[in-house]
Amino acid sequence: MADTCGQVLLGSGLTVLSHPLMYIKVLIQVGHEPLAPSLGRNLFGRQVYQLPGLFAYAKHIMTIDGKAGLFKGLGPRLCAGSIGTIVHSTVVQKCQEHGTPQVLGGQQKAVEGSLQHVVNETTKEMIARSCATIVTHPFHVITLRCMVQFIGRETKYSGVFDSIVTVYRQEGVLGFFAGLIPRLLGDVLSLWICNLLAHLINTYAIDDSMSHTGEIKNCSQAVTGFFASMLTYPFVLVSNLMAVNNCGLAGGLPPYASVCPTWVDCWRHLSREGNMSRGNSLFFRKLPAGKLYAVDQKRFF
1 MADTCGQVLL GSGLTVLSHP LMYIKVLIQV GHEPLAPSLG RNLFGRQVYQ
51 LPGLFAYAKH IMTIDGKAGL FKGLGPRLCA GSIGTIVHST VVQKCQEHGT
101 PQVLGGQQKA VEGSLQHVVN ETTKEMIARS CATIVTHPFH VITLRCMVQF
151 IGRETKYSGV FDSIVTVYRQ EGVLGFFAGL IPRLLGDVLS LWICNLLAHL
201 INTYAIDDSM SHTGEIKNCS QAVTGFFASM LTYPFVLVSN LMAVNNCGLA
251 GGLPPYASVC PTWVDCWRHL SREGNMSRGN SLFFRKLPAG KLYAVDQKRF
301 F
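Residues 1 to 301 in UniProt numbering are what the sequence shown lists, from first letter to last.
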């Protein structure tokens, strides 16, 4: 229990610090571009038209809503983080107590570092993460909608409890789980890609006789985690867009966003427009080729 409380406190602190970054990222993901492109230089020194980056976007938000405006949606996000940590820890503990599931090797205990051990541990982690994601997704939906209200200056979602009532009255129980499927798929794929790639690298590319083997293996885990998150980013983008799609907010309706019946339709729409990586970078945001900037609509089309 003490470890779980410590994780909740640490996670809450990190959530508060990172919230402005997530807020700006979400607004970019939904296509909100309130500032016109400017002429700048890319990493290679060439002059290109760039969209406003993290700091310019943050300054714009503070100009309108003040510094406190950077923390819209923090309440439900803190709830999601705290509840998710507790659920994750509880499920992991239950899996360890019962010693299940054993995907490979039956009842035989897997040797640590073997493929059998990696698969079994990854399966347990997948179950724990999935349970935490499902339980906390309603708070995630509310968080995103609180953020997207910035676009149309609405006040529809003003608090955790009021927002719960609003979602239920407007969309019923299913409204709390908008965008859940692509989010779950992204989490599961990212976890398996990261762990299996790290296992392959640690087994076949790193010699145990090398110095600082432990540090190298930790580094490989971080690198594979970053690579996996890059590959599965489209699932995150589609999930966030579906969470606000056609929810009654300006940011989830035309002309800002196309109404998509399912997450597959949203995926196809983004793919056709070449926007599968929108919001993935907050710096050196190059102006998309062939896109026109509509100053009045504050978006690309």
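Derived from the structure by calculation, the hints contain no laboratory data. Careful, some of the hints might be misleading.
[To be verified] With a straight-line cut-off of 27 Å between C-alpha atoms, the simulated DSS-like cross-links for lysine-lysine are:
| no. | residue 1 | residue 2 |
| --- | --- | --- |
| 1 | LYS25 | LYS217 |
| 2 | LYS25 | LYS156 |
| 3 | LYS124 | LYS94 |
| 4 | LYS156 | LYS59 |
| 5 | LYS25 | LYS59 |
| 6 | LYS25 | LYS67 |
| 7 | LYS156 | LYS67 |
| 8 | LYS286 | LYS59 |
| 9 | LYS217 | LYS124 |
Because the structure is a prediction, the values reported are computed rather than measured.
*Between LYS25 and LYS156, does the CA-CA distance stay at or below 27 Å?*
holds (21 Å)
*asked:* Run the distance test for LYS217 versus LYS124: straight-line Cα separation, threshold 27 Å.
replied: holds (21 Å)
*Taking 27 Å as the top limit, are the C-alpha atoms of LYS25 and LYS217 close enough?*
With a Cα-Cα distance of about 31 Å, the restraint between LYS25 and LYS217 is violated, given a limit of 27 Å.
*Would you mind confirming whether the straight-line C-alpha gap from LYS156 to LYS59 stays at or under 27 Å?*
Since the Cα atoms of LYS156 and LYS59 sit roughly 24 Å apart, the hinted pair holds (cutoff 27 Å).
*Straight-line alpha-carbon gap LYS156 to LYS67, limit 27 Å*: holds (21 Å)
*Does LYS67 lie within 27 Å of LYS25 when you go C-alpha to C-alpha?*
holds (17 Å)
_Hint check: LYS286 vs LYS59, CA-CA at most 27 Å. Holds or violated?_
Holds, at about 19 Å.
*Can the restraint linking LYS124 and LYS94 be considered satisfied, given a maximum Cα separation of 27 Å?*
holds (10 Å)
*Going straight from one Cα to the other, do LYS25 and LYS59 come out at no more than 27 Å?*
holds (14 Å)
Hint 1 from the list above is the single one not met by this structure.
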